[in-house]
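Modelling step: build the complete structure from the supplied sequences, incorporating the hints.
For the protein sequence lines, the chains are D and L, in the order given.
All letters in the first sequence, in the order written, are residues 2 to 345 by this note's numbering.
All letters in the second sequence, in the order written, are residues 2 to 345 by this note's numbering.
Rather than coming from a laboratory, the hints here were simulated on the basis of the structure.
The list treats identical chains as interchangeable, and a pair is accepted whether it falls inside one copy or across any two copies.
Listed below are the simulated DSBU-like cross-link pairs for lysine-lysine, each with C-alpha atoms no more than 30 Å apart in a straight line: (1) Lys241 / Lys266; (2) Lys44 / Lys103; (3) Lys36 / Lys135; (4) Lys12 / Lys103; (5) Lys115 / Lys92; (6) Lys322 / Lys135; (7) Lys63 / Lys92; (8) Lys225 / Lys12.
2 protein chains.
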Amino acid sequence: MERITIIEIAKLSGVGVTTVSRAINNHPDINEETKAKIMQVIKENNYIPNNSARNLKLSASKTIAVLIKGITNPFFNPMIKVFEQEIQRKKYSLILQRVDEKQDEIEVAIEMEKERRLKGIVFLGGHFSYSVDKLNQLTVPFVLSTTGMSAESELNNFSSVVVDDFKESYRMVDYLCKQGHKKIATITVPTDDVSIGRLRYEGYKKALEDNGVSVNERLVRFMKEDIEGYSMDNGYAVTKELLESQEEFTAIFAIADSMAIGACKAIFEAGKRIPEDYSVAGFDGLDISYYYNPSITTIRQPVEEIAEETIRILFDLIYKKTKHSRKIFPAELLVRESTAGISG
Amino acid sequence: MERITIIEIAKLSGVGVTTVSRAINNHPDINEETKAKIMQVIKENNYIPNNSARNLKLSASKTIAVLIKGITNPFFNPMIKVFEQEIQRKKYSLILQRVDEKQDEIEVAIEMEKERRLKGIVFLGGHFSYSVDKLNQLTVPFVLSTTGMSAESELNNFSSVVVDDFKESYRMVDYLCKQGHKKIATITVPTDDVSIGRLRYEGYKKALEDNGVSVNERLVRFMKEDIEGYSMDNGYAVTKELLESQEEFTAIFAIADSMAIGACKAIFEAGKRIPEDYSVAGFDGLDISYYYNPSITTIRQPVEEIAEETIRILFDLIYKKTKHSRKIFPAELLVRESTAGISG
Numbered sequence: 002m003e004r005i006t007i008i009e010i011a012k013l014s015g016v017g018v019t020t021v022s023r024a025i026n027n028h029p030d031i032n033e034e035t036k037a038k039i040m041q042v043i044k045e046n047n048y049i050p051n052n053s054a055r056n057l058k059l060s061a062s063k064t065i066a067v068l069i070k071g072i073t074n075p076f077f078n079p080m081i082k083v084f085e086q087e088i089q090r091k092k093y094s095l096i097l098q099r100v101d102e103k104q105d106e107i108e109v110a111i112e113m114e115k116e117r118r119l120k121g122i123v124f125l126g127g128h129f130s131y132s133v134d135k136l137n138q139l140t141v142p143f144v145l146s147t148t149g150m151s152a153e154s155e156l157n158n159f160s161s162v163v164v165d166d167f168k169e170s171y172r173m174v175d176y177l178c179k180q181g182h183k184k185i186a187t188i189t190v191p192t193d194d195v196s197i198g199r200l201r202y203e204g205y206k207k208a209l210e211d212n213g214v215s216v217n218e219r220l221v222r223f224m225k226e227d228i229e230g231y232s233m234d235n236g237y238a239v240t241k242e243l244l245e246s247q248e249e250f251t252a253i254f255a256i257a258d259s260m261a262i263g264a265c266k267a268i269f270e271a272g273k274r275i276p277e278d279y280s281v282a283g284f285d286g287l288d289i290s291y292y293y294n295p296s297i298t299t300i301r302q303p304v305e306e307i308a309e310e311t312i313r314i315l316f317d318l319i320y321k322k323t324k325h326s327r328k329i330f331p332a333e334l335l336v337r338e339s340t341a342g343i344s345g
Numbered sequence: 002m003e004r005i006t007i008i009e010i011a012k013l014s015g016v017g018v019t020t021v022s023r024a025i026n027n028h029p030d031i032n033e034e035t036k037a038k039i040m041q042v043i044k045e046n047n048y049i050p051n052n053s054a055r056n057l058k059l060s061a062s063k064t065i066a067v068l069i070k071g072i073t074n075p076f077f078n079p080m081i082k083v084f085e086q087e088i089q090r091k092k093y094s095l096i097l098q099r100v101d102e103k104q105d106e107i108e109v110a111i112e113m114e115k116e117r118r119l120k121g122i123v124f125l126g127g128h129f130s131y132s133v134d135k136l137n138q139l140t141v142p143f144v145l146s147t148t149g150m151s152a153e154s155e156l157n158n159f160s161s162v163v164v165d166d167f168k169e170s171y172r173m174v175d176y177l178c179k180q181g182h183k184k185i186a187t188i189t190v191p192t193d194d195v196s197i198g199r200l201r202y203e204g205y206k207k208a209l210e211d212n213g214v215s216v217n218e219r220l221v222r223f224m225k226e227d228i229e230g231y232s233m234d235n236g237y238a239v240t241k242e243l244l245e246s247q248e249e250f251t252a253i254f255a256i257a258d259s260m261a262i263g264a265c266k267a268i269f270e271a272g273k274r275i276p277e278d279y280s281v282a283g284f285d286g287l288d289i290s291y292y293y294n295p296s297i298t299t300i301r302q303p304v305e306e307i308a309e310e311t312i313r314i315l316f317d318l319i320y321k322k323t324k325h326s327r328k329i330f331p332a333e334l335l336v337r338e339s340t341a342g343i344s345g
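This is the structure we're talking about:
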């Protein structure tokens, strides 16, 4: 990890990173003298451009596919970056394949396996409730990463890396209860959804129960099916409707930060304040939840660690070092400006 | 375009979209009666699950690659979605390939072309300043989409879809000047960068000149090279430093919304208000620029239209209906809460 980076090479050469990149890649738009100087610095420091396109040649037939449900969700962005880096480090190449909400990811994977001679597959996001029969149609190793699983699935038959969505959601709602909130709304998934969203909803219910608060069904609000799931637009539409319903609440827990931000917008538009009038809590720990005004109280998932562990397990499977492996990472409650206690 | 959607099938069947999806995909977790009912509704309405994995089989050997510089930039998310839909509609399949900031995208494309027998390539983002010689190494049609081009490039030799970054940036800074601002800071790219960022900086300079304001170099702030480009973190770091420098300014124009949001955070942390103390303007028109508090004044790029036109041109090239095509879309100035006039 102490290897010198392109940024340091740029500094030592007195040029920008782009210029160093051009020198390495024999780009036409670079002064020959500058190039010679940079190449000298590179040589002196034993710099290896590890993410270079050169690697592609070596690895073209060794391909890992990452199948993503919900590629527009910013939650996946830092994970994709880690996948890319780790897979290139192993001298494999990466294909990203978006899977539509209504597509069967196993079918997609089976087709890709045939066409592209894959060495491994990562399923990212979505929910997984296939029978063992169907999973057995896959002949290459695979890992489920931040993928929800229905109770029917036989956990011991495949590898996965997740957080405990039930427990972490419980943690958030328990915190809100301990702050004195009794009327806590939630924005969650429809009841026929068996994804991680469902587990987060179960955590909400259990936390209320354990705090002696009975669930008010009118405060349980489902994402709109005609708007993209887990989006700001969806959180906005649901919260606007909730506010207009006149049902009383003091806090709202959205099962994703994006929806929490949409909720904030609806609350501001109604002329209300956060957290003075309503506390708002999210889930995921997106960068924007920190940068938002007010910053959003959330459950931070360790996305980089999850992504690294996913690749570690996948290569253990490829190298037959393990048969199956399941890893649950702890998440973290981040109390920020968007929530406050109430007396009463 | 009048085809019935899965959402409508779900409504007509009285179930959720997920359940319809299960019925279509022979999912084990569905009641047989429910499934029969859904399949009946599907039959009656001639619903065709067009994004189904079935299509993959037909199209496996007809592949379009989309090479993305800066995949973590949320600006690309809605574009990727359009690419995916349009390419599947043509019964082709899509490979997304992330290109690292320091990678040579042409080399990556050449390798992919060999390995995957591509029919076409979209280059998304980044900047492009290759010689015609190098471009001629590509044997399949390609389109540059929202990609910056250096002056050296011979525009007539390739196809591209862009906004006029110079003109749109000019529009924003001209608006700020007309609001009475004379001390306008900018967060932009380092001077050795020839990307779209450079064009946006040139627009800033020209607008100031035309409004009789001379450029104050101390208000021209470059993205940090050791932080991810065009990110909230970068905008935050740069603005914090600017505020600490005590250099006076009344407005700040970040050449990307993400950086504008970072700038807002730094301003709030310094105990200042937006727009009362500082006006903040961005560029791109990300969804979050609308949802942020305050909402961010920005230049909205018509991302869906850009993505659709990119695919249209690519298929015209594939079908040899055109030799080269260049399309420039107009963008839109959205004046929102983060900017205000000053008297002065």
